[in-house]
Amino acid sequence: MRFDFALVASRLPEIFHALGVTLMVWIASLIAAAILGFLVAVGRRFGARWLNYSLSAYVELFRGTPFLIQLFLLYFGGPYVGLSLDAIPAGIVGLSIYGAAYFSEIFRAGFEAVPRGHVEAGECVGLNRSQIVRRILLPEMTMLVLPASVNMSIILLKETAVMSVITVPELTLTISAIGTEFYAFVESLFLLALFYWGLVEICGWLGRFGESRLSRFRFAQS
Amino acid sequence: MTEHAIVVRHLSKRFGQMEVLHDIDLEIEQGEATCVIGPSGSGKSTFLRCLAFLEEANAGTIEVYGKPLGFSEDSVGRRVRLDSASIRAVRSRIGMVFQQFNLWPHMTALGNVSEALKTVRGVPRAEAEERAMIQLRKIGLENRAGHYPAQLSGGQQQRVAIARALALEPKIMLFDEATASLDPELTGEVLNVMRTLAADGMTMVIVTHEIGFAASIGRKIAFLDKGRVLLEGSAQEVFGKPRNPRIDQFLDTYLDRGAAMLI
Chain V
1 MRFDFALVAS
11 RLPEIFHALG
21 VTLMVWIASL
31 IAAAILGFLV
41 AVGRRFGARW
51 LNYSLSAYVE
61 LFRGTPFLIQ
71 LFLLYFGGPY
81 VGLSLDAIPA
91 GIVGLSIYGA
101 AYFSEIFRAG
111 FEAVPRGHVE
121 AGECVGLNRS
131 QIVRRILLPE
141 MTMLVLPASV
151 NMSIILLKET
161 AVMSVITVPE
171 LTLTISAIGT
181 EFYAFVESLF
191 LLALFYWGLV
201 EICGWLGRFG
211 ESRLSRFRFA
221 QS
Chain C
1001 MTEHAIVVRH
1011 LSKRFGQMEV
1021 LHDIDLEIEQ
1031 GEATCVIGPS
1041 GSGKSTFLRC
1051 LAFLEEANAG
1061 TIEVYGKPLG
1071 FSEDSVGRRV
1081 RLDSASIRAV
1091 RSRIGMVFQQ
1101 FNLWPHMTAL
1111 GNVSEALKTV
1121 RGVPRAEAEE
1131 RAMIQLRKIG
1141 LENRAGHYPA
1151 QLSGGQQQRV
1161 AIARALALEP
1171 KIMLFDEATA
1181 SLDPELTGEV
1191 LNVMRTLAAD
1201 GMTMVIVTHE
1211 IGFAASIGRK
1221 IAFLDKGRVL
1231 LEGSAQEVFG
1241 KPRNPRIDQF
1251 LDTYLDRGAA
1261 MLI
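In order, the protein sequences belong to chains V and C. Each residue of the first sequence is one higher than the one before, counting from 1 in this note's numbering. Each residue of the second sequence is one higher than the one before, counting from 1001 in this note's numbering.
Don't take every hint at face value.
Stated by the list, open to error - FRET-style restraints, in silico, Cβ to Cβ:
#1 C:Thr1196 with V:Ala109: 52 to 60 angstroms
#2 V:Leu73 with C:Asp1083: 42 to 50 angstroms
#3 V:Arg63 with C:Gly1212: 54 to 62 angstroms
#4 C:Arg1219 with V:Arg129: 33 to 41 angstroms
#5 C:Ala1180 with V:Gly20: 56 to 64 angstroms
Note that these hints are calculated values from the structure, not bench results. All C-beta atoms, glycine included, are put in the ideal place defined by N, C-alpha and C.
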């Protein structure tokens, strides 16, 4: 292999910085997408009909179009409607809105999977609607949606690579630039794949750890 | 004269085209256990869920200690829905126990029992847990306080569910087939808790398939059939002879099922 790892080593600070950027945009988008997705799911479950319809249209739109195109439109098209964002904020906003559409569906399914009787038991002891959401639906749903959410987090992690097209200095942009510099495209892409795979494995491991911690709360069998 | 705890008048409930409850009139007496029996599909669970306001009836009124639950009639006899604060106030006098227990799986037994004291009544955590422990001690589960529902047997879960309802000191307890999803050897412990409650003078409405239990605990028994109260009275009046042919038929199938277990 012509790829000289000594050359890469000389660029290590740059690569680590890029890794930091990837992690930062991923985690920021993940948190925002989960919160936004939760609000969308709550709005669709408890909101008025018009709210349900508009939120459902949002979900369909953002699930139905590629993230690449959404990001292009936000970053390059945004300024035409007075929305000028720098690359990193644009990337985070774009990925958050994209991810929230998926998260809202995960949470919606989670809400529906909480047995109706658990909510009724809450009503019977006098909990109001917001208390039922906070004290019963949200915690019960968390254990139900954890596997799907870990899955979604992994997908979002890999989608951060798309941000390279709007010049976010994350792993994909940085490493492929190094590859171009040394005419070592295959090797750099291989290295890049290894980075993502490593991150995904760590993410999956954290998810399994969380699941095992929650397993003692599994629904009681009657 | 005994005071009526609940008065039900002309209660009707439809699910779509199907009329599940038809013009039900029933009084629940203060300090007594009233048992509602009847074949499956007779509407007895729906009736109980209307008393808990988990189902909203389409017509008729329910009064709990003289206060209308959910709906009342205005001066010209129109049925109006009451505001949610007044609904909550009336509901707070009623405790409900479900066939499926419906404990919250992410809370311990103590957490389940103390939850509403903390979040609804605003009792400080320490005091709420102390009061919850008193309830758990009553049902003999103080040593299971830290267990999650998944770590408890069905009978224990149902007892915790009863404690959860009792923690709010309701005036009336509703039991919706509380033992129907339990293994036969676990029903006894739950029925015992209910017997103790009845002996303490709790007003109870019990929907059950345990005919023997109903006959022994129920001061009044209401037999529901196809959404109507076919017969109500003491156990003697309902089960004694001469017997209503429909009840004979019901008891026959009940005995058949009992006998089938022996074969």
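How the hints compare with the structure:
Hint check: Thr1196 (chain C) to Ala109 (chain V), Cβ distance near 42 angstroms, so the stated range 52 to 60 angstroms is violated. For Leu73 (chain V) paired with Asp1083 (chain C), a C-beta distance near 47 angstroms keeps the hint of 42 to 50 angstroms intact. With their beta carbons about 57 angstroms apart, Arg63 (chain V) and Gly1212 (chain C) fall inside the hinted range of 54 to 62 angstroms. At roughly 37 angstroms, the beta-carbon separation of Arg1219 (chain C) and Arg129 (chain V) lies within the given 33 to 41 angstroms, and the hint holds.
At about 59 angstroms, the beta-carbon gap between Ala1180 (chain C) and Gly20 (chain V) stays in the expected band of 56 to 64 angstroms.
Hint violations for this structure: number 1 only, all remaining hints satisfied.
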